[in-house]
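The lines below spell out each chain.
6 protein chains.
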Amino acid sequence: MSEFTHFNESGKARMVDISEKTETARTAHAASSVIVSRDVYEKMAEGKVKKGDVLSVAQVAGIMGAKKTADIIPMCHPLSLSGVDLSFRWEERGEEYELHIAAFVKTKGSTGVEMEALTAASVCALTIYDMCKAIDKGIVIGPTYLVEKTGGKNGDYRRNQA
Amino acid sequence: MSEFTHFNESGKARMVDISEKTETARTAHAASSVIVSRDVYEKMAEGKVKKGDVLSVAQVAGIMGAKKTADIIPMCHPLSLSGVDLSFRWEERGEEYELHIAAFVKTKGSTGVEMEALTAASVCALTIYDMCKAIDKGIVIGPTYLVEKTGGKNGDYRRNQA
Amino acid sequence: MSEFTHFNESGKARMVDISEKTETARTAHAASSVIVSRDVYEKMAEGKVKKGDVLSVAQVAGIMGAKKTADIIPMCHPLSLSGVDLSFRWEERGEEYELHIAAFVKTKGSTGVEMEALTAASVCALTIYDMCKAIDKGIVIGPTYLVEKTGGKNGDYRRNQA
Amino acid sequence: MSEFTHFNESGKARMVDISEKTETARTAHAASSVIVSRDVYEKMAEGKVKKGDVLSVAQVAGIMGAKKTADIIPMCHPLSLSGVDLSFRWEERGEEYELHIAAFVKTKGSTGVEMEALTAASVCALTIYDMCKAIDKGIVIGPTYLVEKTGGKNGDYRRNQA
Amino acid sequence: MSEFTHFNESGKARMVDISEKTETARTAHAASSVIVSRDVYEKMAEGKVKKGDVLSVAQVAGIMGAKKTADIIPMCHPLSLSGVDLSFRWEERGEEYELHIAAFVKTKGSTGVEMEALTAASVCALTIYDMCKAIDKGIVIGPTYLVEKTGGKNGDYRRNQA
Amino acid sequence: MSEFTHFNESGKARMVDISEKTETARTAHAASSVIVSRDVYEKMAEGKVKKGDVLSVAQVAGIMGAKKTADIIPMCHPLSLSGVDLSFRWEERGEEYELHIAAFVKTKGSTGVEMEALTAASVCALTIYDMCKAIDKGIVIGPTYLVEKTGGKNGDYRRNQA
Numbered sequence: 497m498s499e500f501t502h503f504n505e506s507g508k509a510r511m512v513d514i515s516e517k518t519e520t521a522r523t524a525h526a527a528s529s530v531i532v533s534r535d536v537y538e539k540m541a542e543g544k545v546k547k548g549d550v551l552s553v554a555q556v557a558g559i560m561g562a563k564k565t566a567d568i569i570p571m572c573h574p575l576s577l578s579g580v581d582l583s584f585r586w587e588e589r590g591e592e593y594e595l596h597i598a599a600f601v602k603t604k605g606s607t608g609v610e611m612e613a614l615t616a617a618s619v620c621a622l623t624i625y626d627m628c629k630a631i632d633k634g635i636v637i638g639p640t641y642l643v644e645k646t647g648g649k650n651g652d653y654r655r656n657q658a
Numbered sequence: 497m498s499e500f501t502h503f504n505e506s507g508k509a510r511m512v513d514i515s516e517k518t519e520t521a522r523t524a525h526a527a528s529s530v531i532v533s534r535d536v537y538e539k540m541a542e543g544k545v546k547k548g549d550v551l552s553v554a555q556v557a558g559i560m561g562a563k564k565t566a567d568i569i570p571m572c573h574p575l576s577l578s579g580v581d582l583s584f585r586w587e588e589r590g591e592e593y594e595l596h597i598a599a600f601v602k603t604k605g606s607t608g609v610e611m612e613a614l615t616a617a618s619v620c621a622l623t624i625y626d627m628c629k630a631i632d633k634g635i636v637i638g639p640t641y642l643v644e645k646t647g648g649k650n651g652d653y654r655r656n657q658a
Numbered sequence: 497m498s499e500f501t502h503f504n505e506s507g508k509a510r511m512v513d514i515s516e517k518t519e520t521a522r523t524a525h526a527a528s529s530v531i532v533s534r535d536v537y538e539k540m541a542e543g544k545v546k547k548g549d550v551l552s553v554a555q556v557a558g559i560m561g562a563k564k565t566a567d568i569i570p571m572c573h574p575l576s577l578s579g580v581d582l583s584f585r586w587e588e589r590g591e592e593y594e595l596h597i598a599a600f601v602k603t604k605g606s607t608g609v610e611m612e613a614l615t616a617a618s619v620c621a622l623t624i625y626d627m628c629k630a631i632d633k634g635i636v637i638g639p640t641y642l643v644e645k646t647g648g649k650n651g652d653y654r655r656n657q658a
Numbered sequence: 497m498s499e500f501t502h503f504n505e506s507g508k509a510r511m512v513d514i515s516e517k518t519e520t521a522r523t524a525h526a527a528s529s530v531i532v533s534r535d536v537y538e539k540m541a542e543g544k545v546k547k548g549d550v551l552s553v554a555q556v557a558g559i560m561g562a563k564k565t566a567d568i569i570p571m572c573h574p575l576s577l578s579g580v581d582l583s584f585r586w587e588e589r590g591e592e593y594e595l596h597i598a599a600f601v602k603t604k605g606s607t608g609v610e611m612e613a614l615t616a617a618s619v620c621a622l623t624i625y626d627m628c629k630a631i632d633k634g635i636v637i638g639p640t641y642l643v644e645k646t647g648g649k650n651g652d653y654r655r656n657q658a
Numbered sequence: 497m498s499e500f501t502h503f504n505e506s507g508k509a510r511m512v513d514i515s516e517k518t519e520t521a522r523t524a525h526a527a528s529s530v531i532v533s534r535d536v537y538e539k540m541a542e543g544k545v546k547k548g549d550v551l552s553v554a555q556v557a558g559i560m561g562a563k564k565t566a567d568i569i570p571m572c573h574p575l576s577l578s579g580v581d582l583s584f585r586w587e588e589r590g591e592e593y594e595l596h597i598a599a600f601v602k603t604k605g606s607t608g609v610e611m612e613a614l615t616a617a618s619v620c621a622l623t624i625y626d627m628c629k630a631i632d633k634g635i636v637i638g639p640t641y642l643v644e645k646t647g648g649k650n651g652d653y654r655r656n657q658a
Numbered sequence: 497m498s499e500f501t502h503f504n505e506s507g508k509a510r511m512v513d514i515s516e517k518t519e520t521a522r523t524a525h526a527a528s529s530v531i532v533s534r535d536v537y538e539k540m541a542e543g544k545v546k547k548g549d550v551l552s553v554a555q556v557a558g559i560m561g562a563k564k565t566a567d568i569i570p571m572c573h574p575l576s577l578s579g580v581d582l583s584f585r586w587e588e589r590g591e592e593y594e595l596h597i598a599a600f601v602k603t604k605g606s607t608g609v610e611m612e613a614l615t616a617a618s619v620c621a622l623t624i625y626d627m628c629k630a631i632d633k634g635i636v637i638g639p640t641y642l643v644e645k646t647g648g649k650n651g652d653y654r655r656n657q658a
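Protein chains in written order, with my numbering: chain A, 497 to 658; chain B, 497 to 658; chain C, 497 to 658; chain D, 497 to 658; chain E, 497 to 658; chain F, 497 to 658.
Rather than coming from a laboratory, the hints here were simulated on the basis of the structure. Hints are supplied without guarantee of correctness; some may be wrong.
Because identical chains cannot be distinguished in the list, a pair is counted as satisfied if it fits within a single copy or across any two copies.
[Unchecked claim] Straight-line C-alpha distance at most 27 Å; calculated DSS-like pairs for lysine-lysine:
1. K633 with K649
2. K517 with K633
3. K633 with K604
One chain only, chain A, in its complex shape (with noise of 0.2 Å):
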């Protein structure tokens, strides 16, 4: 049965050692999203074409966040990156606009890279927050979640969506 891998025999955290494991390719795919107003969301529409594009400085900031992922989380291993993208899509819901934000993570390396598409998407959906907060306080981030991983010994991972 899995255990925690990330402690010591002392009951300390540690960064676990994987210079036994192979390098391969691994991409990871998270997902968060943001619920915001009718009139955050006009405003958010208008501003691409007229006047500031949020989520132009949201797709910069997630991307420049899976970079910083191995300094924000500590028991990650640092990585090199060979690729990060980020989209996103909205949809209606009643009174309110949920943007659904996708981030897609890919490396060579030994060990595999959902952290750092979570925190990507995470950062992105921050800083949405952070440009909208002026008219809207009550923006909600999230649910935040893995979607699909691959590469790895231990296999690919696809989470089960109703």
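Add chains B, C, D, E and F to chain A, keeping to what the hints say.
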């Protein structure tokens, strides 16, 4: 009516000028959560006393994350935080367990600390995911949102919670 | 006559003691530029409306660069910036096009923000190079210089421009 | 014909996927410069032997700047640099003196180090400005440009210099 | 006879070119210590079970410190660490108590991880000082030294310990 | 009697709330040292005039290290340092030479700068190790300790030195 403040007249992002704002005491309280399986819950609870405390590591990560906010969120002002704290509360939800994360940040400055509290809560949740993902990759983070803020000329904010 | 202030009596670098300086409002305006071929110019102009806006990314990079100044420039004091903005202006120069970059930084503090403005302009220009280098590696950055500063006991400075 | 590679199909910035590129030895050589008055030149020359060597500090800053490139330039891939060096050469230009800065970076990796060399040269020049600005705020940095790169599937590049 | 390798022919610092070195498994083990009064010792021991575990925080700090080594030490190469761990051992010394800190770092790369191990041990010790300084500012850190390294063409090193 | 201040009532680490503390001028002076063989000592002394000055690089590293303190030490408050300086003094000790490192930090703020001074001294010493380790891996760092602090409501501290 409120408008985006983070764009200049060319529609490009800027860091808003806060030099006219007065320095006041400011606080923010943000919430996030992590939903885990009973298996992960029991290992986290057991680990606390025997093998290694996931929440201690996540607490440190959240506090350090608050200090990195201006480095992670593009338009955030760098701030001298005067205090950061996090607290946890478990809630049983059928076969799953929800860990409620509360982040509290204080400063004396010209702008609020909402982003610092939201970042602390998010980094804390991401760290828990990282430390438990060897057991379960299906852990869900969030929702993440602002609970309350005080201080500043626009007055206090408190989220309506059903 | 003026002397270097960044060395101690042993001739080793130090971060100058500014604890006796008073906190005042301070601004700095720095300029840089990027000279590109017509091909790059047209792709940047076209991309803005259709495929991706190089200058939006460079704007974000410049603002984040201003915040990293004390981390990049060894003897710079860490500062709480109160505002950062950048603006762009194209000038046709025969077969080439020059993009003029202007960076504006404000603070209320004990030392000036010249380095923050110069760093913002430089990072902005480097980012434009990075995003266009697949098309043309011959792009030239600069000159980069201080246009104006205000505030502080040594008074204001304004560059003579022919 | 060449196109921007740093945008995805939605026109938003991405970090280009380099996972298919092969690891090869790569080098880059970038140049920048600083133009100073005779007064500053003489103080820098004198300081080198007596009071404090501006160029030693700028050299350290440039090398550390090369390592920060992926943190500063949004779409840059994080890289394991295998060597960084800088050299200086003074040229008298009438009443002024131009300090030529050359930055050399090497790696063995899947992408080039042009940005690392350009960043090293830029940070080096900015540091010189910082350390001399108490004497002369009119110092001009640049032009900054790529002199040469080797390695990678697109072959070598060498700037035509008149 | 050995010479400094971190200077170029002009006597200025450089990051040594390691592109010809082969990638091998490398380990380093460094030691530091913290000498505290009986009062501090008893509070740390008691805190572990009741009020808050200083060493858990210091462990996290040391691991994160190892990852920051290339950012802190100017001529250090950035490295992809494959594992970091720390362990503690108390020794009674008359009226004082010495906490022995051991840091272990592994990588597969072109250069050693001595600096990463030394930095991890130092940051761990500094964090203990920080968390205990409200009780006793007289705590002494160190000595800090390399115990052992393996891997690399210059062979292994093991400190003679009396 | 003094207690740990860096834990909350749940026994988890927090960044102490200093919002009630008044801003005063504060200084700290920390010491570290590096003990080297005669061979290293002679090369460092010779290098200073001919081939490259280890201490100049270490000085820059120490100053930059002081600015990174809140990023390295988990519970440290981010601070706007107003001055940082380091000085060196050699002492002959039989066949070995001890380099005494003194770090001085000043700020005007709500909390002390002991950690900044200790970090500056430690990073300075680690850098010297790094630059000399090709000659001698047996160099010992420390002890590292606080010599003096002034300012703040708890009054001044001065170490008793035999």
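Hint check:
no.: 1; hint: K633 with K649; verdict: between (43 Å within a copy, 15 Å between copies)
no.: 2; hint: K517 with K633; verdict: between (45 Å within a copy, 19 Å between copies)
no.: 3; hint: K633 with K604; verdict: between (40 Å within a copy, 20 Å between copies)
Hint compliance for this structure: no hint is broken.
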